[in-house]
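The sequence shown begins at 1 in our numbering and counts up by one.
Since the hints were made in silico from the structure, they are not lab data.
Warning: the hint list may mix true and false statements.
[Said to hold, decoys possible] Below are the DSBU-like pairs computed for lysine-lysine, each with C-alpha atoms no more than 30 Å apart in a straight line: (1) LYS401 to LYS418; (2) LYS92 to LYS114; (3) LYS75 to LYS114; (4) LYS75 to LYS130; (5) LYS114 to LYS130; (6) LYS396 to LYS418; (7) LYS92 to LYS130; (8) LYS92 to LYS75; (9) LYS299 to LYS284; (10) LYS418 to LYS375.
[To be verified] Distance ranges between label pairs, derived from CB positions: (11) GLU242 to SER329: 45 to 53 Å; (12) ARG380 to GLN323: 17 to 25 Å; (13) SER350 to GLU277: 17 to 25 Å; (14) SER322 to LEU226: 28 to 36 Å; (15) ARG380 to VAL330: 22 to 30 Å; (16) LEU198 to PRO220: 34 to 42 Å.
Since this is a predicted model, take the numbers as computed values, not measurements.
We put the CB at the ideal spot given by N, CA and C, even for glycine.
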Amino acid sequence: MAPNEDEFSRLLSLLAQNHGTSFASVGTAFQTEFPERRRFTVASGLAVLLEHPDLLPSVHDRLNAIFILYWGYHKEPLTSNPFLVVFDRILKVPAHDEALHTSFKPFSLTPCEKDFVAQLYNGNGSQLLKSSANHFVTEFSAMPQPASSLPDASQLMASQNAHHPQIPYVSCILPYPDRSVPEADVAQTTESAKQLMLEAGNLLAQGNGPDLQPRFVRMPPPTLPLGDFEAAWLVPREASHELRWDVSIGRESSAGSEVRTMLRLACQQALTSEQHESFTDQLKADPHLVFHIGLTPQKLPDLVAHNPLIAIEVLLQLMPSSQITEYFSVLVNMEMSLHSMEVVNRLTTSVDLPTEFIHLYISNCISTCENIADKYMRNRLVRLVCVFLQSLIRNKIINVKDLYIEVQAFCIEFSRIKEAAGLFRLLRALEESEGRDASASQNSTATS
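Use the sequences and the hints to build the structure in full.
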């Protein structure tokens with residue numbers, strides 16, 4: 001079993017953080033970090049890292065790794081170390097200079113590392129316990145030639161191989177010939193066997209013979225339970241080929257297609273009077289057609305900007321729909337303009353709109369006028385809002401008491417504009433009229 005990701009991470013951290021620590025401390029830290037049952041597995045992964053120096057690019061990390069492989073079995077003879085073959089391969093492969101150490105061939109280690117392994121081979125491991133990777137590299141760089149000659153590891157490898165058991169094998173067992181069988185039968189049996197072998201060889205050579213691999217019986221997995229919103233595959237046991245009449249045959253579909261095309265065009269440009277008349281006539285002819293022309297709330301601002309009259313017709317037919325609140329929400333939050341006011345004004349005079357929708361739209365218009373920076377555009381929008389509010393108040397569509405404070409503050413802020421002053425006078429007139437009505441009702445009550 002190979003080391004897992006967490007073990008590899010801890011192992012690399014241990015190698016990288018102990019360049020200046022003694023080799024004995026590195027070996028002790030390895031035994032402390034990993035439990036005994038996992039040490040051989042982690043050490044095997046470390047041997048694989050040594051075979052690929054690109055995974056351990058630092059010479060200090062590789063020296064610590066070599067010592068860890070040695071330290072795990074330092075109390076036993078070197079022939080008992082299972083990683084002796086790793087040391088042998090390090091010694092046999094020619095060394096590469098550190099500056100040219102870019103090819104990353106297996107075990108293309110530096111002379112410093114080969115000298116380190118040679119000292120372990122020569123029995124000098126106890127002398128390296130107090131040394132560290134930094135100290136060893138520094139000392140090796142200062143020496144004119146390696147401190148240890150490369151030993152001959154063939155005798156140690158032969159000694160280790162002698163202690164390893166041979167791989168078990170199955171011998172070829174030939175049956176003892178039965179001498180009681182007549183010679184003629186033996187010859188016939190031999191000839192039949194030769195013929196069968198030739199036929200088997202021909203079948204195997206053609207590549208379409210019987211499969212000689214063992215066939216494993218695999219049970220089909222059980223069916224998992226279906227979720228609440230998961231579709232189930234229906235596998236009918238008997239074929240059913242009943243004829244069913246297509247009720248859509250002969251149904252006129254050109255009208256819906258034409259209306260959808262005109263709606264896409266209406267969201268991009270103003271329609272001609274003929275196109276507008278054709279669009280409204282087809283909507284009135286089929287009240288359910290409005291739900292299939294593809295008008296989503298996201299397309300409503302474009303339709304209002306280019307064709308407000310068509311937007312009014314469509315919204316009036318969408319009033320019974322449960323999604324009309326989404327269209328109202330888009331209409332309230334879209335950019336204020338003459339067309340959007342026209343749409344809202346026509347809707348208020350045609351159907352009963354929710355009071356909160358009208359109040360929210362008025363508040364949005366007032367806020368837009370207060371926040372716009374362009375003076376000319378602000379004055380123009382203020383005039384539009386004032387005319388719009390006067391129309392709503394005179395038609396008694398809104399109760400001015402609900403918005404009296406907000407509308408009055410709006411009129412005072414823009415009192416220099418003629419329409420705002422007229423709206424303010426209308427508010428005062430309504431207030432005085434309500435006051436006279438209230439006093440008259442009080443007098444009549446007192447008289448009675």
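Going through the hints against the structure:
For the proposed pair LYS401 and LYS418, the alpha carbon gap of about 23 Å is at most 30 Å, so the pair holds. Among the hinted pairs, LYS92 with LYS114 is consistent with the structure: their alpha-carbon atoms are about 9 Å apart, no more than 30 Å. As the CA atoms of LYS75 and LYS114 are separated by approximately 22 Å, the hinted pair is consistent with the 30 Å bound. Among the hinted pairs, LYS75 with LYS130 is consistent with the structure: their alpha-carbon atoms are about 17 Å apart, no more than 30 Å.
With a C-alpha separation of about 19 Å, the suggested pairing of LYS114 with LYS130 holds against the 30 Å cut-off. This hinted pair checks out: LYS396 and LYS418 have alpha carbons roughly 22 Å apart, not beyond 30 Å. Proposed proximity of LYS92 and LYS130 is supported: the alpha carbons are some 27 Å apart, at most 30 Å. Among the hinted pairs, LYS92 with LYS75 is consistent with the structure: their alpha-carbon atoms are about 25 Å apart, no more than 30 Å.
The hinted pair formed by LYS299 and LYS284 meets the criterion: a straight-line CA distance of about 21 Å does not exceed 30 Å. Between LYS418 and LYS375, the direct Cα distance comes to roughly 15 Å. Compliance with the 30 Å bound is thereby established for this hinted pair. At roughly 47 Å, the beta carbons of GLU242 and SER329 sit within the given window of 45 to 53 Å. Distance hint for ARG380 and GLN323: a CB-CB separation of about 33 Å, inconsistent with the stated range 17 to 25 Å.
Taking the beta carbon of each, SER350 and GLU277 are about 19 Å apart, inside 17 to 25 Å as hinted. Separation of SER322 from LEU226 is about 30 Å and conforms to the stated range, judged on CB atoms against 28 to 36 Å. For ARG380 and VAL330, the Cβ-Cβ distance of about 24 Å falls inside the hinted range of 22 to 30 Å, so the restraint holds. For the hinted restraint 34 to 42 Å between LEU198 and PRO220, the CB-CB distance of approximately 41 Å keeps it satisfied.
Taken one by one, the earlier hints fail for this structure only at number 12.
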